[in-house]
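Chemist: Letter by letter, the chains look like this.
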Amino acid sequence: MEPFEIIDHTADVGIAARGETPEELFANTAAGMFSIITDPNNVEPRTSRPVTVSGSDRADLLVAFLNELLFLLETDRFITRRVEFDRLTETELAAVIHGEFIGPKHELETEIKAVTRHELTVEQRADAWHATVLFDI
Amino acid sequence: MAKGWSGPLEQIDDYRWRIPKSAQSGMRVDGILYADDRLMEMVRQDNAPQQVANVACLPGIVGASYAMPDIHWGYGFCIGGVAATDIESGGVVSPGGVGYDINCGVRMLTTTLEREAVQAELVRLMDTIYNSVPCGVGVGGQVKFSGREQRDLLVRGAEFVVEKGYGRPKDIAHTEARGCLDGADPGAVSDRALQRGVNQCGTLGSGNHFVEVQVVDEVYDEAVAEQLGIRPGMVTVMIHTGSRGLGHQVCDDALRTMEKAMRTYHIELPDRQLACAPVGSPEGRRYLAGMRAAANFAWANRQILTHHVRRAFAEQFRRSDEELGLDLVYDVAHNVAKIEEHEVDGKARRLCVHRKGATRAFGPGSPDLPEAYRDLGQPVIIPGDMGRASYLLVGTRTAMEQTFGTTCHGAGRTKSRKEAVRSAKGRSIQNELKQKGIIARARSPRGLAEEQSSAYKDVDIVVDVVHQAGLSRRVCRMKPMGVVKG
Chain A
335 MEPFEIIDHT ADVGIAARGE TPEELFANTA AGMFSIITDP NNVEPRTSRP
385 VTVSGSDRAD LLVAFLNELL FLLETDRFIT RRVEFDRLTE TELAAVIHGE
435 FIGPKHELET EIKAVTRHEL TVEQRADAWH ATVLFDI
Chain B
18 MAKGWSGPLE QIDDYRWRIP KSAQSGMRVD GILYADDRLM EMVRQDNAPQ
68 QVANVACLPG IVGASYAMPD IHWGYGFCIG GVAATDIESG GVVSPGGVGY
118 DINCGVRMLT TTLEREAVQA ELVRLMDTIY NSVPCGVGVG GQVKFSGREQ
168 RDLLVRGAEF VVEKGYGRPK DIAHTEARGC LDGADPGAVS DRALQRGVNQ
218 CGTLGSGNHF VEVQVVDEVY DEAVAEQLGI RPGMVTVMIH TGSRGLGHQV
268 CDDALRTMEK AMRTYHIELP DRQLACAPVG SPEGRRYLAG MRAAANFAWA
318 NRQILTHHVR RAFAEQFRRS DEELGLDLVY DVAHNVAKIE EHEVDGKARR
368 LCVHRKGATR AFGPGSPDLP EAYRDLGQPV IIPGDMGRAS YLLVGTRTAM
418 EQTFGTTCHG AGRTKSRKEA VRSAKGRSIQ NELKQKGIIA RARSPRGLAE
468 EQSSAYKDVD IVVDVVHQAG LSRRVCRMKP MGVVKG
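Heads up: the sequence lines are chains A and B, in that order. Note that this note's numbering gives residue 343 to position 9 of the first sequence, counting from 1, and the numbers run on in steps of one. Note that this note's numbering gives residue 227 to position 210 of the second sequence, counting from 1, and the numbers run on in steps of one.
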């Protein structure tokens, strides 16, 4: 199975991601989100920076995490390519993100306004961890 | 992924359908959808009717949970959704009923130019506009404001930037709410939101936002058109954008607060994205104060873009922008919550009216309208899609009686972005538009593919429904000549 796939929504677009562990699931969801924004093959993990966020539960934490990455994209022009987790609980995470600043080689195709909570799911199934997230475009 | 709606949909008349409140437990009022048979076929396949039913569960909702004919699946509220809650009876405000792009809206300018004069210069004009309007993902604006100026801008909206030289004093009167919602508090806007917005005032963004050069191709009501300064063959301009990252962050911050507030006020709803709090609660008041600041930011944003567009026309035609007209007909918000007085069961009530992808359409006589338009009703601007048409209408008394003075906001999507991109494989949307005589400029080919005509419902049908249902009256139709997309 793919680490993530793009899912249909009439107005917007979403990601269905999976991972063996919550860490892999979070990382794959982030990769899926950035694949909507730009071609990940053009992004190299040149620099890194720490990220810490908290949430009221695992789903809220995932939304907060993705929103933080969007915030860094908009304010610092930092594109995330890869994520390494130092700590990931149900309500808190600390990670180091690797990527690079927006440059002439990056074609940014879609602006994601926000990560929505509509039909948001994060769950452990028999085979793996799964998440569904819809974005507002 | 759309599951469709298998619940009841009772036909009331040719253009109205009811989801009775018995359809789902928790519904406090009926759902009422405006659509004809053709649109209803599409609506049934979509998840939007479920969302209309969910919205009907909001505490304090009065009248009905309404959906306009451009209805489609959103998040929380459907797009094209209208809900009014009674403030004195514990009515709530829901950030999901406004959306992330607070005060996303559209404005329309007239010109003194005829189609032929613009046609000869069209390619160069579109290049000039494209180069003067900051657009696309992560692109900052040309206008920078200090911290203090930013706070003034959030409090005063369009007027603040007009005073700074971006626009004409006359623009203010021709903007919904005069381009400024009272009660905006920059203190209710988080640092994160300010950081996101600081470089984005005067930028178009991407997605469905655009600047279009259009031509009036059909006039339905000559008398009203004339009073609005419009005649057939006239070139017009439409600008569609919102509050950019600042608004998105205000919404996201509020959703997190509201989730907690739901527990405090013991509110249970079928969708997490509908999180809400009573209008009078600290959480509700803080959201409204921040939302108003974001709405004011959006009006300032459209005002600065108007300035850029005027300059682009002046540069291209080597005449002053006043000589070229470029007068603002009107500016409407289509993602906003406002405190308004409406009649409910024969009594005047103070309501919190959420319009999510829906346009205010106040009828003749409304004190909120500028004097010049008071007898006509409020101008309503309905962008269609970049290949077909857009409309100008006016609000009606029927809208005041039926939908708290509200009508549709656009054509409404029918195809998902993924499906649209798939169907554009191997095609050039830019060339297809060119063959139709429409010059398109966009940062990304994928963006154009997502926004192609066939991804939208036919705006002619949507506007026909609101016209026939009496929610607003057709004045004229505009055809696109050129479009700039982010």
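Treat the hints loosely; a few may be bogus.
Said to hold, decoys possible - With a cut-off of at most 27 Å between alpha-carbon atoms, the simulated DSSO-like pairs for lysine-lysine come out as follows:
| no. | chain 1 | residue 1 | chain 2 | residue 2 |
| --- | --- | --- | --- | --- |
| 1 | A | K439 | B | K442 |
| 2 | B | K432 | B | K20 |
| 3 | A | K439 | B | K435 |
| 4 | B | K20 | B | K435 |
| 5 | B | K496 | B | K432 |
| 6 | B | K187 | B | K161 |
Stated by the list, open to error - With the C-beta cut set under 7 Å, the calculated list includes, among others, these residues of chain A facing chain B:
| no. | residue |
| --- | --- |
| 7 | N401 |
| 8 | K447 |
| 9 | T455 |
| 10 | Q458 |
The hints are simulated quantities; they were obtained by calculation from the structure and are not laboratory data. Each residue gets a CB set at the ideal place from its N, CA and C atoms; glycine is no exception.
Chemist: Each hint needs a verdict: does it hold in this structure or not?
Modeler: Going down the list of hints, with the structure as the test:
Restraint check for A:K439 and B:K442: satisfied, since their Cα atoms lie roughly 23 Å apart, inside the 27 Å limit. For the proposed pair B:K432 and B:K20, the alpha carbon gap of about 14 Å is at most 27 Å, so the pair holds. For the hint pairing A:K439 with B:K435, the CA-to-CA distance comes to about 24 Å; that is within 27 Å, so the pair holds. This hinted pair checks out: B:K20 and B:K435 have alpha carbons roughly 17 Å apart, not beyond 27 Å.
A threshold of 27 Å between alpha carbons decides the hint, and for B:K496 with B:K432 the separation of about 22 Å falls inside it, so the pair holds. This hinted pair checks out: B:K187 and B:K161 have alpha carbons roughly 24 Å apart, not beyond 27 Å. For the restraint placing A:N401 at the interface with chain B, the shortest Cβ-Cβ distance is roughly 6 Å, inside the 7 Å limit, so the hint holds. For A:K447, the interface hint holds, since its Cβ comes within 7 Å of a Cβ in chain B; the closest pair sits about 5 Å apart.
Given the 7 Å rule on beta carbons, the hint for A:T455 is violated: about 10 Å separates it from the nearest Cβ of chain B. With its C-beta approaching chain B no nearer than about 19 Å, A:Q458 sits outside the 7 Å limit, and its interface hint is violated.
This entry does not satisfy hints 9 and 10, going by the numbered hints stated previously.
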